[in-house]
Every structure is written in structure tokens, then in C-alpha cells.
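Number of protein chains: 2
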Amino acid sequence: MSHYQTPLADVEFLLNQVLQAPQRLAALPAFQDTDAALMHQVLDEAGKFVNDHIAPLNQEGDRVGARFKDGRVTLPPGFKSAYQAFWQAGWASLSTAIEDGGQGLPAVLDSVLYEWLSAANHGWTMAPGLLHGAYECIKHHASEALQAQFLSKVGTGEWLATMCLTEPQAGSDLGLARTKATPVAGDTRDGEFWLNGTKIFISGGEHDLSDNIVHLVLARLPEAPPGPKGLSLFLVPKFYADGRRSAVHCDRIEEKMGIHGSPTCVMRFEDAQGWLVGEAGKGLHAMFVMMNAARLHVALQGVGLLDAAWQKADAYARERRQMRAPQAAGVQSGSADFIIEHPAIQRILDTQRAWIDGGRVLAYETGLALDEAKHHPDPARRESAQRWCALITPILKSACTEQGFKGASECLQVLGGHGYVREWGLEQHVRDARIAMIYEGTNEIQAIDLLMRKVLGDGGTALQALLDELSAPLRAAHSEEARVLRLFEQLRGVTQAALAVQGRADGAIRLNWIAGDYLRLAALALLAWAWSRIDAAVAVADAQRWQAPSQALRHWVLPEADMRASMIHAHFETRWLSA
Amino acid sequence: MSHYQTPLADVEFLLNQVLQAPQRLAALPAFQDTDAALMHQVLDEAGKFVNDHIAPLNQEGDRVGARFKDGRVTLPPGFKSAYQAFWQAGWASLSTAIEDGGQGLPAVLDSVLYEWLSAANHGWTMAPGLLHGAYECIKHHASEALQAQFLSKVGTGEWLATMCLTEPQAGSDLGLARTKATPVAGDTRDGEFWLNGTKIFISGGEHDLSDNIVHLVLARLPEAPPGPKGLSLFLVPKFYADGRRSAVHCDRIEEKMGIHGSPTCVMRFEDAQGWLVGEAGKGLHAMFVMMNAARLHVALQGVGLLDAAWQKADAYARERRQMRAPQAAGVQSGSADFIIEHPAIQRILDTQRAWIDGGRVLAYETGLALDEAKHHPDPARRESAQRWCALITPILKSACTEQGFKGASECLQVLGGHGYVREWGLEQHVRDARIAMIYEGTNEIQAIDLLMRKVLGDGGTALQALLDELSAPLRAAHSEEARVLRLFEQLRGVTQAALAVQGRADGAIRLNWIAGDYLRLAALALLAWAWSRIDAAVAVADAQRWQAPSQALRHWVLPEADMRASMIHAHFETRWLSA
Numbered sequence: 001m002s003h004y005q006t007p008l009a010d011v012e013f014l015l016n017q018v019l020q021a022p023q024r025l026a027a028l029p030a031f032q033d034t035d036a037a038l039m040h041q042v043l044d045e046a047g048k049f050v051n052d053h054i055a056p057l058n059q060e061g062d063r064v065g066a067r068f069k070d071g072r073v074t075l076p077p078g079f080k081s082a083y084q085a086f087w088q089a090g091w092a093s094l095s096t097a098i099e100d101g102g103q104g105l106p107a108v109l110d111s112v113l114y115e116w117l118s119a120a121n122h123g124w125t126m127a128p129g130l131l132h133g134a135y136e137c138i139k140h141h142a143s144e145a146l147q148a149q150f151l152s153k154v155g156t157g158e159w160l161a162t163m164c165l166t167e168p169q170a171g172s173d174l175g176l177a178r179t180k181a182t183p184v185a186g187d188t189r190d191g192e193f194w195l196n197g198t199k200i201f202i203s204g205g206e207h208d209l210s211d212n213i214v215h216l217v218l219a220r221l222p223e224a225p226p227g228p229k230g231l232s233l234f235l236v237p238k239f240y241a242d243g244r245r246s247a248v249h250c251d252r253i254e255e256k257m258g259i260h261g262s263p264t265c266v267m268r269f270e271d272a273q274g275w276l277v278g279e280a281g282k283g284l285h286a287m288f289v290m291m292n293a294a295r296l297h298v299a300l301q302g303v304g305l306l307d308a309a310w311q312k313a314d315a316y317a318r319e320r321r322q323m324r325a326p327q328a329a330g331v332q333s334g335s336a337d338f339i340i341e342h343p344a345i346q347r348i349l350d351t352q353r354a355w356i357d358g359g360r361v362l363a364y365e366t367g368l369a370l371d372e373a374k375h376h377p378d379p380a381r382r383e384s385a386q387r388w389c390a391l392i393t394p395i396l397k398s399a400c401t402e403q404g405f406k407g408a409s410e411c412l413q414v415l416g417g418h419g420y421v422r423e424w425g426l427e428q429h430v431r432d433a434r435i436a437m438i439y440e441g442t443n444e445i446q447a448i449d450l451l452m453r454k455v456l457g458d459g460g461t462a463l464q465a466l467l468d469e470l471s472a473p474l475r476a477a478h479s480e481e482a483r484v485l486r487l488f489e490q491l492r493g494v495t496q497a498a499l500a501v502q503g504r505a506d507g508a509i510r511l512n513w514i515a516g517d518y519l520r521l522a523a524l525a526l527l528a529w530a531w532s533r534i535d536a537a538v539a540v541a542d543a544q545r546w547q548a549p550s551q552a553l554r555h556w557v558l559p560e561a562d563m564r565a566s567m568i569h570a571h572f573e574t575r576w577l578s579a
Numbered sequence: 001m002s003h004y005q006t007p008l009a010d011v012e013f014l015l016n017q018v019l020q021a022p023q024r025l026a027a028l029p030a031f032q033d034t035d036a037a038l039m040h041q042v043l044d045e046a047g048k049f050v051n052d053h054i055a056p057l058n059q060e061g062d063r064v065g066a067r068f069k070d071g072r073v074t075l076p077p078g079f080k081s082a083y084q085a086f087w088q089a090g091w092a093s094l095s096t097a098i099e100d101g102g103q104g105l106p107a108v109l110d111s112v113l114y115e116w117l118s119a120a121n122h123g124w125t126m127a128p129g130l131l132h133g134a135y136e137c138i139k140h141h142a143s144e145a146l147q148a149q150f151l152s153k154v155g156t157g158e159w160l161a162t163m164c165l166t167e168p169q170a171g172s173d174l175g176l177a178r179t180k181a182t183p184v185a186g187d188t189r190d191g192e193f194w195l196n197g198t199k200i201f202i203s204g205g206e207h208d209l210s211d212n213i214v215h216l217v218l219a220r221l222p223e224a225p226p227g228p229k230g231l232s233l234f235l236v237p238k239f240y241a242d243g244r245r246s247a248v249h250c251d252r253i254e255e256k257m258g259i260h261g262s263p264t265c266v267m268r269f270e271d272a273q274g275w276l277v278g279e280a281g282k283g284l285h286a287m288f289v290m291m292n293a294a295r296l297h298v299a300l301q302g303v304g305l306l307d308a309a310w311q312k313a314d315a316y317a318r319e320r321r322q323m324r325a326p327q328a329a330g331v332q333s334g335s336a337d338f339i340i341e342h343p344a345i346q347r348i349l350d351t352q353r354a355w356i357d358g359g360r361v362l363a364y365e366t367g368l369a370l371d372e373a374k375h376h377p378d379p380a381r382r383e384s385a386q387r388w389c390a391l392i393t394p395i396l397k398s399a400c401t402e403q404g405f406k407g408a409s410e411c412l413q414v415l416g417g418h419g420y421v422r423e424w425g426l427e428q429h430v431r432d433a434r435i436a437m438i439y440e441g442t443n444e445i446q447a448i449d450l451l452m453r454k455v456l457g458d459g460g461t462a463l464q465a466l467l468d469e470l471s472a473p474l475r476a477a478h479s480e481e482a483r484v485l486r487l488f489e490q491l492r493g494v495t496q497a498a499l500a501v502q503g504r505a506d507g508a509i510r511l512n513w514i515a516g517d518y519l520r521l522a523a524l525a526l527l528a529w530a531w532s533r534i535d536a537a538v539a540v541a542d543a544q545r546w547q548a549p550s551q552a553l554r555h556w557v558l559p560e561a562d563m564r565a566s567m568i569h570a571h572f573e574t575r576w577l578s579a
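Going down the list, the sequences are from chains S and V. This note's numbering numbers the first residue of the first sequence as 1 and each following residue consecutively. This note's numbering numbers the first residue of the second sequence as 1 and each following residue consecutively.
One chain only, chain S, in its complex shape (with noise of 0.2 Å):
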């Protein structure tokens, strides 16, 4: 098998002919330096990381898997070294604050460079991706002496970070955690507390990448309320500044499906002596402060793994000839032609693609947007940007997730048995892929949170806002835009059904039913809206390489928008056995 090859063209063409990015962060002023040069420069330079350093580990990484023996655990052959050479020559911290020892890079670029890690090596990504939501939850709620400690340790990499959430009884329902926190000193002034619980699923929680491990663990204060409003954030690091090990230990680690190069660890605290991140009782809102971003990441992975697995099924079909391809002219050559010139095939393909670059496109412009949010010296381009993010981020991960699980099944039905096969490396893509539809929010609540909370919550508010915006520049008279402001009309139509039912009786179960078509044809609808903006920026001369998958998408993906617009109308007018 050939490895990934990261696709540096296609990203620059995305970054700087469709989306402007270089312009639009050099017009903030965290970024004022940045342009299309240096952004090729640091691209360049993360692509041939990636493909030196990272793709290379990625099928022994699943084959050898994590181990685990007496409470250490060891990643496969190369992934240390890699990591080191990782995060010494600054990849980690490309979008960590200067004065914390990092690049201070736009957010954008870190999108593309995880995109890029996880397509390659999705299990040795694991573990520096939960690294810059760790930076920042520090940043933002620990105390100063914490900070002292810890900050630039995350911030470079040098150590890397796990979030302990999960317990046994509480999934995504985290308010059920039990994890207990006992103040040291007896009161909780100090800051310092005894940490008692099990966490599972703990994404890196003991490994030999790095000389510590700093965890962020949710737990409950004597006294605390139940529910979520009773959770607090605390740190406990693998080693303390003296040398101590801490009393946290990994019970063992669990077989999956895939990502074998990411250990997923039952950690248990047996009075581990920790310090309370944030304020008592607001842990979850220290947690999901970095939220989009991890989110954005996640879906960044699904987009990733979709383009990994097209390389190969794009490669094989071009040099797997079987069968006659029917063809147009007539004309025939051999006794079997190139499978790609058959249809069944080729729309594989080019569907996949229409995904890959519609998606690169939607979140590459939430990497802008969390920058703009950031950095843009207006406030309304702030709110603006702000909106995007919260809109967008949980459709991407759902949508982009989905696909890259089917999507990657599907380029795997184009090698046939070669694709079930571990030969080729298509079926690992297709394991690894499943997880990310239900980790960082479940797809299903990713589709709640965006129908009941992000639209709903302020009655299609930020909704309306976000198309007028979209809309304002698209025009009816052009056919393509047409299609993309049908789609919005559409989506405008079944949010408003939605507000209607949401008064009803039986409007929070009827909501829930269709949360995931709602979810559905606004990722189609935006879809339409990244390949207008494609279309419009392809040159002549590059016509080929992208028709196709415009053609795709219109003939493939996007009816599937008429059939979830009904199917919501259908619901909400029908007598329903449950409601």
C-alpha cells in the first residue's frame, strides 16, 4: 500500500482562492504578518512532516496496538520518537500564545495540520489532540501558580494532557459523575484536594510519548449538587514538580474497533492529590470552553480519513482493470478496462470528493471564523464570526464525521476484497472513522444541540441572521447560487415549522424525532453554499479536477435535501403512536 499524501495544492487553492485567507487574517491584527507566503511556508513544511514522520507509523500503529502490562502502557514502534521530533520542532504549539512558548499562528492552520495528522496516523493523533483544549482551559481558569507550572508545558507539547470526563454510569450525560474531590486542607480555600473515582475512556491516559501527563478531571466537592452544577474541574499531573507519582493509576486499556495506536484507559484515583481548575461548581463551563475548536478538530478527522481513503480507492482505480466499462463512443480497448471508468465507480469517487472539499471548505472557514472571533478588531465581525462558530461547528462534526465512516466504506467497496483486506489499509480508515461519530458529543446530540438550543434556543434568530448573510452576496439569476438560496428557503421553511411545533403539547418529542434530518439539510444546504463558492473561484484550466464533483454533488448528494425537508413537514403533521 502507499501512504497518505497530504494534498497541499488543493488546500492552498481552498485557503487562498475560495476563502481569502490570507487577506482576511492579515486584516486582524494577532496576524497582521500573515500571507500567502508564509502560510504556504508553514503548510509546506507540516505536509513533509506529516508524510515523513507520521503516515509511515500508521499501519503497524493499528496492527501492534497499545499495550498494556502492570499499569504502564506502550505505544507501537516510532510513535515516542515521533512525537518528540513533534512537538520540539514546534508543531504542537503552532497556535499556542507566543509569550507561552508557542508559534501564536492563525487557528486555521492548526485545522489544516490536524486535518492532515489524523488522515495520516488518526491513532497517534489522539494524543496531541486534545493538547490545545487543555492550553486552554488552563489559560482561562487555572490560578496563577498552576499556571506557573503547567501552562507552557501543554502550550509546547513537552507534556501532554488528557480530559477525564467519562465514568462508568455517565456518558454524555456527564452531570451523573461520582468522582469524589475532599478538600486537603479541609476547607476548599487552598485549593488542593484528594481525588477518589474511575474514569473511562480516558484517550491517553498513561503512555511512554512524554515525560508527564497533565490530567483534567471532573469531579464533585462534598456537599456538591447533583447534576451537572455540582461538577468541578481539577488537575492531577502524572508526576508532581518534586518527582512524587501521583495516585493515579491506569487499570487497563480497552480493545476497539480501531485507532490501536490511541490507548483508551480506565484511569482510577485513589486519593490523588489535585488542584481545582475554575471555580467550584462551574467545571463543565471550564471544559467546554474550547469546545468549537475540539469539535471543529473532530470533524477535521472524518474529512481527513474520507481523503485518506479516496487516495487509495482513487489510486487502486486507476490500475485495477476489470470488465468491460460501458462507454459512450463505443470504443474498446483490451479485454477489461480501468475500473474507474466504470460508473458505479467513478460516482464513488467523485461523490466522496464533493464531501472532501465541500467539508474542507466549511471548516477551514470555522478555523477562519474562530480566528475572526478572536482577533477581528470589530465587534460586530466578532458576534458575526461567534455566530458561525456555534451554528456550524455541530452540523460539520456530525455531518463530516458520518461521511467519513460511509464515505470511507464506500472508497473500501472499490477494492473489493482488496478493500476488506488489511493489505491496503482501506479497512483500518473505515474502524478508525467510527469513533468519531460518537466521541465530543454524540452525533445525535450534536443534532439536538444545534435544532433545540443553537436555533430554537433564540427562536431562529442567529439562523435568519447567518443565511441573510450567506444569501446577501448569491444571485437568483445564476444558476448554481439559485440552487444554494432554494436550499436555504428550505431550510428557513422547516425551521419555521419547527418554531411552530415547538409551542405545541408535544413539541420537545416531536423535535427530537427530526433533529437529525434538520441537522441533514442544513449540512446539505451549506454544502451547496462551499461548492458555489468552489465553482465560482475554479479557473478554467483546473475545470476538470473539480466538475466532477460538482457534477456529483448535484446529481447524488443533494436530493437527499428535498427528501428531509418532507419527511420533517411529513412528521409534524402526522398523528404519531409515541407523541
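No wet-lab data here; the hints were simulated from the structure. By construction, the Cβ of each residue, glycine as well, lies at the ideal position given by its N, Cα and C atoms. Check the hints yourself; a few may be wrong.
If you anchor each label on the Cβ, the simulated ranges turn out as follows [said to hold, decoys possible]:
no. : chain 1 : residue 1 : chain 2 : residue 2 : range
1   : S       : D458      : V       : R486      : 53 to 61 Å
2   : V       : R67       : S       : T574      : 41 to 49 Å
3   : S       : R575      : V       : G493      : 45 to 53 Å
4   : S       : Q169      : V       : R382      : 27 to 35 Å
5   : S       : F288      : V       : G493      : 28 to 36 Å
6   : S       : R178      : V       : R67       : 39 to 47 Å
7   : S       : R575      : V       : R382      : 39 to 47 Å
8   : S       : H569      : V       : R178      : 42 to 50 Å
9   : V       : G493      : S       : D458      : 40 to 48 Å
10  : V       : E383      : S       : G503      : 37 to 45 Å
Some but not every residue of chain S turned toward chain V, in silico, with C-beta under 10 Å [what the hints assert, rightly or not]:
no. : residue
11  : L38
12  : V42
13  : G227
14  : K229
15  : V289
16  : R387
17  : I448
18  : A477
19  : I514
20  : M563
Given chain S, work out where chain V should sit, using these hints.
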């Protein structure tokens, strides 16, 4: 985790109340003693055997997998003794003719048995899965001398069998096969040949389950023309009658995504002595005689694995509490509800049940049609049954295996992170189910077979006749039946459009682009038909069991039909890049 439990009551309801199987079988002279009591006895015993002997081996079979060492293959713990118990108890020969040592029972009972076996342990079931095809092939095409040696050994399952078709360069396109057969005596008259070549993806090519293995091998005689018409079929056993080991070598087994309990072998034939089966140049014909039955079994793997996944997801959803569900009545109890109360979860479970139950009706009807096509005294009924098999089999194979994989993945989602780890066994079902979309003709090839050969091959006549037959008893005034009639009209409409396109210069390529959509539309129409039969048979007492999936079908599954129909029509009408 809990093992799969054979769903005897559900299956008996479908066979007895929905399909009137006992009466229909008793009308066939071969099965005149068949009644519901006999069928119950067989299925009850079959269920116990599957539950007690096969299901418990599934998870360890996946973990340990088939092992290769020095040309020998060892199957996972318990596989051999289970197989010996299986054939000795007569399960392998359920539908084998009595004169060949079998039970002589109807094919439809074999269908149920293989659904249950696949659900319980797909990897193990691969071993006997090819027996029946090999038996029929030997019975109908082998010489008397070969039959004397091999027919009852294969018919009873004492010896297992393989189908050696695929070669590295010849997968879906068997016409590219190069394995050579050279007459031992210098000419072909005594039927004895030396075989030379390499076959890949040979399920059960080597193992320790049975005393002998009978290989059926596609190969090319000297001077044979290129392509499929140059292929002949040969029989080569692992051991000859005098105890000699043949020159058939297993060079390695594949590492695969799933079905780890089934060894997928690379087989090297090195001057291996074998015999011609059937006529020279008619190898594909001899192998394809059992194609409908084999494809039906693959469809039932999809149905079975989806039911196995559903059982686990349903059990989990009834014991796992997370968050409050939106209650229509506004009543809340405790701090979290069972997740089956959450609409997103209920929708997944009900939708999969709609596919499982509807898929069963279609598959068992096909099993009955196989019996009727073979045994019905009325030639018109035999012809109608044969028509059903020819048209429905590719639809079932494709639609049920696709849903087997995608639906099992949906069931995995119900368990969240617990679905992604191995403990509950859900992820194994997803991995195992994936292969059924590929083998026995990829789903893309099924779609082309359906549209280009089965439907358009006779100008749509057979399809029209089938739809007329199914429509006849349906009442337009009955809302559910009217829905089925509408779907049939939609199918007739796209068929007419396809016939019109067929004559165009770009006809073949156009039709190839939408063959998959055509198959989906047909599958949905048939699923609706199956459910209209279920709905009509459900007694008031059982309403609750069947009402929710029936409703899920109407709301969340059937709307896809409109989408497929309009995609097809739109494609025919649009200018197309590649056409």
C-alpha cells in the same frame, strides 16, 4: 455481553401467519408431510443448537482468529467440535436429498437456519456456507464416478468444500482467470487433469474442521478461448481416495477487517491432479447454477447480523440511563431516563426492525420460491416462482447486506463508546457484516445484473408480470396497500424511462450511473409490500411489537423512494459530463 438468541417466535409468525409457508410447502409433492408442527420441531431444535453450540464461540473466534503455520490452518477454540456436532446432527444436510444422505427438507428451513447461524457466528458459518452450492454443483454436473466418491460426503457435510474462483488479476471479472488444466492422458477424454495456478480469497481453503476438503476450481484448458467461455470447472480434493495428499497448498491466510474465524486462503495448485466437472468451457455455467441460493444466503447474513446487533442495542437501551427524555406527557422520573425513551435511539431501533422483519419476509418468500420453482406440480407456478427468484435475489443481496452493515453501525451508535470497544460485541458485527456487500457479486454488480439483465433484458416483461401478480390482491382504498401500489407505479415509471433511455447512444452508460438507485427503489417498494403483508397478519394482541417498526418504515425509510425516482428521472433528462 449476552449472546445472540434465535428469534423463534418472530420467525414462526412470519412463516406461518404472514407467508402461509406450511400450507404452501404441503402443496408440493416433495414436502407433502410438512406442517407447522414439523417446521416448529426443526426450527426449535435448530435454535437450540445455534444458541448452545455456535453463538458462544463467536467472540473468542473473532479474537483468536484462524491461525496459519507451515501450510496448516487451525481454527479458533471449539470450532472443530462444533462443526463435527453440526454435520453429525444432520444440520449440514437439512435440504440435501434423502438419497444423498440428507434430510430432504425445504430450502426455506435452510434459509432460516443460515440466518441464525450467521447472526450467531458469521466466521464459523462461512465453513458450511458453501456446502450446499458445492453439493448441487456435483449433483448436477459431476460424472457418476465423481458423485460416487464425493456427493454424499459433501451433501452431508462430512467433507467441507470450497469454490476456487478468484485470482489476483480476476475478481469480479472471472473471465480473466489464468489457472491452467492440462490433460493427464494427453487428451481430455478420461477427465483427469493437472491443475496449475494460484487462487486467492478462498474461504475455508485449508482448515482442521473436516477430514477432507473438496475444491471446485475454475481453470482454463489448453487452447481454450480467452474470457469466460474458456473456463471449465474441476474438482480437486485435499486427499484422494487412496489417502494421498493432493498438490494443493495453502500459502497464507489474509488479515481481514472481520470474519476472523474464517480462514481466507491463498491456494496454490502445483500439478494438482483433478477431474473435470460438467462440460469443458461451461465452468461458469456449472458454478452459477446455485447462484440464487448462494446470494439468498448472503442476504440472510445481512438480516441475521443486523438482528444480532439489534438485540444487543435493544438490551442496552433498556438498561442504560442517560439524561432526561422529552416526555409527551411531561412526566419525569429520576435524574435520567432509559435511553430507549430518547427519540433518536428509538428511531434507530425501530428502523432496523423494519428492515429485519421486512427483509425476513422477502428472504423467506425467496426460500419458498426456490422450493416451489423446483417442486411445484404446476409449470406456471414454477415459472412464477423462478421469476421471483431471478428478480428479487439481486435486490435482496444488495439491500439486505447494505442494511446489515449500516444498520449494525447504527446499533453500535446506541451503545456510544461501549459500542466501539469489543466488550459488547457490537463492533464485531459491523466488521463481519461489511464483507457481505462485496462477496458473491459486489452490490454494484447486483444492481447492474438487476437493471441491465433481469429487467431490461426482456424489455421489462418479467418485472411487469411480477408487479401485476403482487398488485392483484392489493386494495387501492386501503391506505397501506395504496402506498405499496404507488411505489409499484413509481418503479414501473422509472422502468419505462429506463427502457426509453436504453435505445439512446449513451444508453448503457446512463443506465449504469443509476443502476444502484434503481435497485434501491425496487428494494423499498418490496419492503413496503412485505410490511403490508405483516400489517395485515398482525393480531390486535401483538400490535405493539409490530406497530413501531411499521411506522418507522413509513416515516423514515420509504421517503427515500421519491428521492431515488427523481434522481433517476433527473439524470436521464440532464446533460451529463461523462456521457
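Outcome of the hint check:
no. : hint                        : verdict
1   : S:D458 x V:R486: 53 to 61 Å : violated (40 Å)
2   : V:R67 x S:T574: 41 to 49 Å  : violated (55 Å)
3   : S:R575 x V:G493: 45 to 53 Å : violated (30 Å)
4   : S:Q169 x V:R382: 27 to 35 Å : violated (59 Å)
5   : S:F288 x V:G493: 28 to 36 Å : violated (51 Å)
6   : S:R178 x V:R67: 39 to 47 Å  : holds (43 Å)
7   : S:R575 x V:R382: 39 to 47 Å : holds (45 Å)
8   : S:H569 x V:R178: 42 to 50 Å : violated (57 Å)
9   : V:G493 x S:D458: 40 to 48 Å : holds (44 Å)
10  : V:E383 x S:G503: 37 to 45 Å : violated (59 Å)
11  : L38                         : violated (37 Å)
12  : V42                         : violated (34 Å)
13  : G227                        : holds (7 Å)
14  : K229                        : violated (12 Å)
15  : V289                        : violated (22 Å)
16  : R387                        : violated (26 Å)
17  : I448                        : holds (7 Å)
18  : A477                        : violated (20 Å)
19  : I514                        : holds (9 Å)
20  : M563                        : holds (4 Å)
Hint check: violations occur at hints 1, 2, 3, 4, 5, 8, 10, 11, 12, 14, 15, 16 and 18; the rest are consistent with the structure.
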